[in-house]
Amino acid sequence: MFELVKALNDGAEVLKTRSSNPISLNAGCELFIAFVTLFPHDSVNFADLKTKLVRQGQQYAAEALGYRKKIAELAVGFIKDGSVILTHSYSRVVMKTLLLAHERKRISEARPRGLGIKTAEALTAAGIPSTVILDSAVAYVMEKVDFVLVGSEAVVESGGLINAVGSNQMAIIAKAANKPFYALAESYKFHRLFPLSQYDLPNQNARIFSFPATNSTNEENSSSVASISITQEHISQNNPDVDYTRPDLISLVFSDVGSLTPEGVSQYLVGMFAG
Amino acid sequence: MPVPTNIEVPKGAFPATNQPSQKSMTKAERRELQERQRAAKLAQKSSAPAVNSGAKEPVTPKPKAPPTPKKFVDASGSGTNKSSVVKESGASASTAVDDGAGGKSMSRGLRIFSHFGLPKPAGHSVKGDIHPAIIRLGLLFSDFRICGSNARCIATLTAFKTVIQDYTTPSHNTLSRHLMTHLSPQITHLVAARPMSVTMGNAIRQLKLEISGSDIDVIEQDAKDALCQKIDNYIRDRIIIADEVIQELAGKKIKDGDVILTYARSSIVEKILVNAHEEGKRFSVIVVDSRPLLEGKALLRTLTKTNPPIPCTYALLPALPSLMTEVTTVLLGAHSLSANGSVYSRAGTALVAMIAKGHSVPVMVCCETYKFSEGVMLDGFGKNELAPARFSKATKHSQPLSPAPNLEVLNPLYDLTPPSCITAVVTEVGLIPPSSISSIPLALGKTNL
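As they're listed, the protein sequences go chains R and H.
If you count by full-length UniProt numbering, then the first sequence holds residues 1 to 275, one letter each, in order.
If you count by full-length UniProt numbering, then the second sequence holds residues 1 to 449, one letter each, in order.
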């Protein structure tokens, strides 16, 4: 049994190193390992247990695919006719919700932004009016928006959210404008992690917000001033992929276990893992 | 082991000749009067042949420990109760009132906080069959020699182990029924020395449960051994191992180059910092401290003794706002944690947490789950404890604060930090937001000793 857990942990490590963004992957692995170790299994021998675990794992994966539908059902009630929704980047669960709302004859306007050109294209194809706005224009459009709807990379123990970078500033602006900020997350994205700050997230690369070493010698300095050119690559290297949104900025988290407040999420997580 | 009781002053034994009639006095005034009468009687007795010191001296190792009447006079002289004996011992700092002014000199401050109760010197209240180990512990508690809720809980449980081993069940009785009646006066004695900490309360409740559950048919010695084993397990699982897990969890949040701020001294914060330092992390510590206990100095001593020493800054509470801008994380200890997530800790902690929140610095409170209490606290006023006045003695630089008829020195020991000022609580089951404390099964006492 101990060996099995160790093997699972090693497997999770390998997966983590291969993935560019392992936070949600990590959450999934953790859930499975917790399931193996914490729950009582009534199997007579190890082989039996093994097949059982594999079967349960596959069953869970199959079920999990249905979660998005379930979440969409929960969230769709919040979308009214003619509501304007601001979303961010691309999230399958957000798309599912918006399309479902559209199917049910609800006309809404979605405003994806930044990297969400993909979202905009899909929405337009489905006949939902959508406009793409710039990251920097979020505060400008917030007045006209009814609520903000984002997907998630992971939901952490504090009840906060880890999502594509930019979500945090949207949440802050939404809070300042008194607009609700909803997140959609499948329960397998609930993660036993407690970031204290943005810099406390796992797998941060150290270059974020590190200032380039300045040249101390005068002659080099004068020559480098002329030759400074910032490329796109340069920027993306020094920028984070995800950010952390504090729980007090989030109105509700829709998940397949129900619509939870951030406190509810953290209680669910504590109850699940802190045995 | 029976110890002769020496004082049982019946009410009205000393008619209050120079006092206003008892009816017109407030409750606090009446209590004060009673204390004084009791003390006066004791002072008389001290000239009489040794009352009970002979019975105790062989078993109490510390010279300070035997609660002889002489000791009592010293203790009262240092101001722990308001008695007229103070004049004889000539102590400067005390909350004593002189006879002429009578109960009227009780100032407003203490009238508000009178429900906290003043710590009494332990010696005079030895009533009934108190084990010497408990008497010794009571003195250590009232003297603040053993301070901090973990240390007090461990000391109490260890003393109870001795009590249980020395206990014999009387005939026609069973251990599971009778032992608790034997322990109750011991607990009462400890509470009289200093109000019980939440940790002690939790541990004693668990102990009671174990005693009542012990099998009647087991041989007495075996039952006693089993109980001692259970106590050992409790100390190991809920305190020592829990501390190790907390050290590891909190250590992960300390990074190179961090500036950690802590307040006063918490045993667990001390361990976390030393442990993280041993792991090779390079960080610096700001120790914020405050009178009257100045416990931060002890922490500072430990931190600077490491090799290489941890870079430390020592500051008093008024300097906090200017230091907070430099801080990356605030680490705090706790006396107890209530069900709504508020932290009951050394007075001044709330201030530190609130200022940290104002600067959006994350505040981590380190607390084992056995410190959780099921009640809900709304402020630090309903329940608190007052520091004995001897802690407000003069320092080199300041005048002694001597209470006058219109001046009372007030030192509450604890305050309450609201959950909104706390980012995370570090427990042995993980980092938990204060709002979710109540959903931890361990906190609800669902596990065994």
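Since the hints were made in silico from the structure, they are not lab data.
Hints may contain errors.
Stated by the list, open to error - No more than 27 Å apart at the CA atoms, straight line, and that leaves these computed lysine-lysine pairs for DSSO-like: (1) H:LYS230 with H:LYS255; (2) H:LYS305 with H:LYS281; (3) H:LYS208 with H:LYS271; (4) H:LYS305 with R:LYS179; (5) H:LYS357 with H:LYS297; (6) H:LYS271 with R:LYS16; (7) H:LYS383 with H:LYS357; (8) H:LYS255 with R:LYS16; (9) H:LYS208 with H:LYS252; (10) R:LYS175 with H:LYS252; (11) H:LYS255 with H:LYS208; (12) R:LYS118 with R:LYS70; (13) R:LYS16 with H:LYS383; (14) R:LYS52 with R:LYS6; (15) R:LYS50 with R:LYS96; (16) R:LYS6 with H:LYS252; (17) H:LYS252 with H:LYS230; (18) H:LYS161 with H:LYS281.
Now for the hints, and whether the structure bears them out:
Restraint check for LYS230 (chain H) and LYS255 (chain H): the C-alpha separation of about 38 Å exceeds 27 Å, so the hint is violated. Straight-line distance between C-alpha atoms of LYS305 (chain H) and LYS281 (chain H) comes to about 16 Å, which keeps the hinted pair within the 27 Å bound. Taking the CA atoms of LYS208 (chain H) and LYS271 (chain H), the gap is near 31 Å; set against the 27 Å cutoff, the hint is violated. Distance restraint check for LYS305 (chain H) and LYS179 (chain R): the Cα-Cα separation of roughly 53 Å exceeds the 27 Å cut-off, and the hinted pair is therefore not satisfied.
Our distance criterion of 27 Å between C-alpha atoms is met by LYS357 (chain H) and LYS297 (chain H), whose separation comes to about 25 Å. A threshold of 27 Å between alpha carbons decides the hint, and for LYS271 (chain H) with LYS16 (chain R) the separation of about 32 Å lies outside it, so the pair is violated. Restraint check for LYS383 (chain H) and LYS357 (chain H): the C-alpha separation of about 25 Å stays at or below 27 Å, so the hint holds. With a CA separation close to 22 Å, the supplied pair LYS255 (chain H) and LYS16 (chain R) stays within the 27 Å bound.
Proximity of LYS208 (chain H) to LYS252 (chain H) is assessed by CA-CA distance (about 37 Å); at most 27 Å being required, the pair is judged violated. Annotation: proposed proximity of LYS175 (chain R) to LYS252 (chain H) is violated, straight-line Cα distance about 31 Å (limit 27 Å). Only pairs whose Cα atoms come within 27 Å are accepted, and LYS255 (chain H) paired with LYS208 (chain H) is rejected, the gap being roughly 43 Å. With a C-alpha separation of about 23 Å, the suggested pair LYS118 (chain R) and LYS70 (chain R) falls inside the 27 Å cut-off, and the hint holds.
Taken as a hint, the LYS16 (chain R) and LYS383 (chain H) pair is broken in the structure, with Cα atoms around 50 Å apart against an allowance of 27 Å. Simply put, LYS52 (chain R) and LYS6 (chain R) have alpha-carbon atoms about 18 Å apart, close enough for the 27 Å limit, and the pair holds. For the proposed pair LYS50 (chain R) and LYS96 (chain R), the alpha carbon gap of about 35 Å is over 27 Å, so the pair is violated. A threshold of 27 Å between alpha carbons decides the hint, and for LYS6 (chain R) with LYS252 (chain H) the separation of about 21 Å falls inside it, so the pair holds.
The suggested pairing of LYS252 (chain H) with LYS230 (chain H) is violated, with an alpha-carbon distance near 32 Å, which exceeds 27 Å. This hinted pair does not check out: LYS161 (chain H) and LYS281 (chain H) have alpha carbons roughly 40 Å apart, beyond 27 Å.
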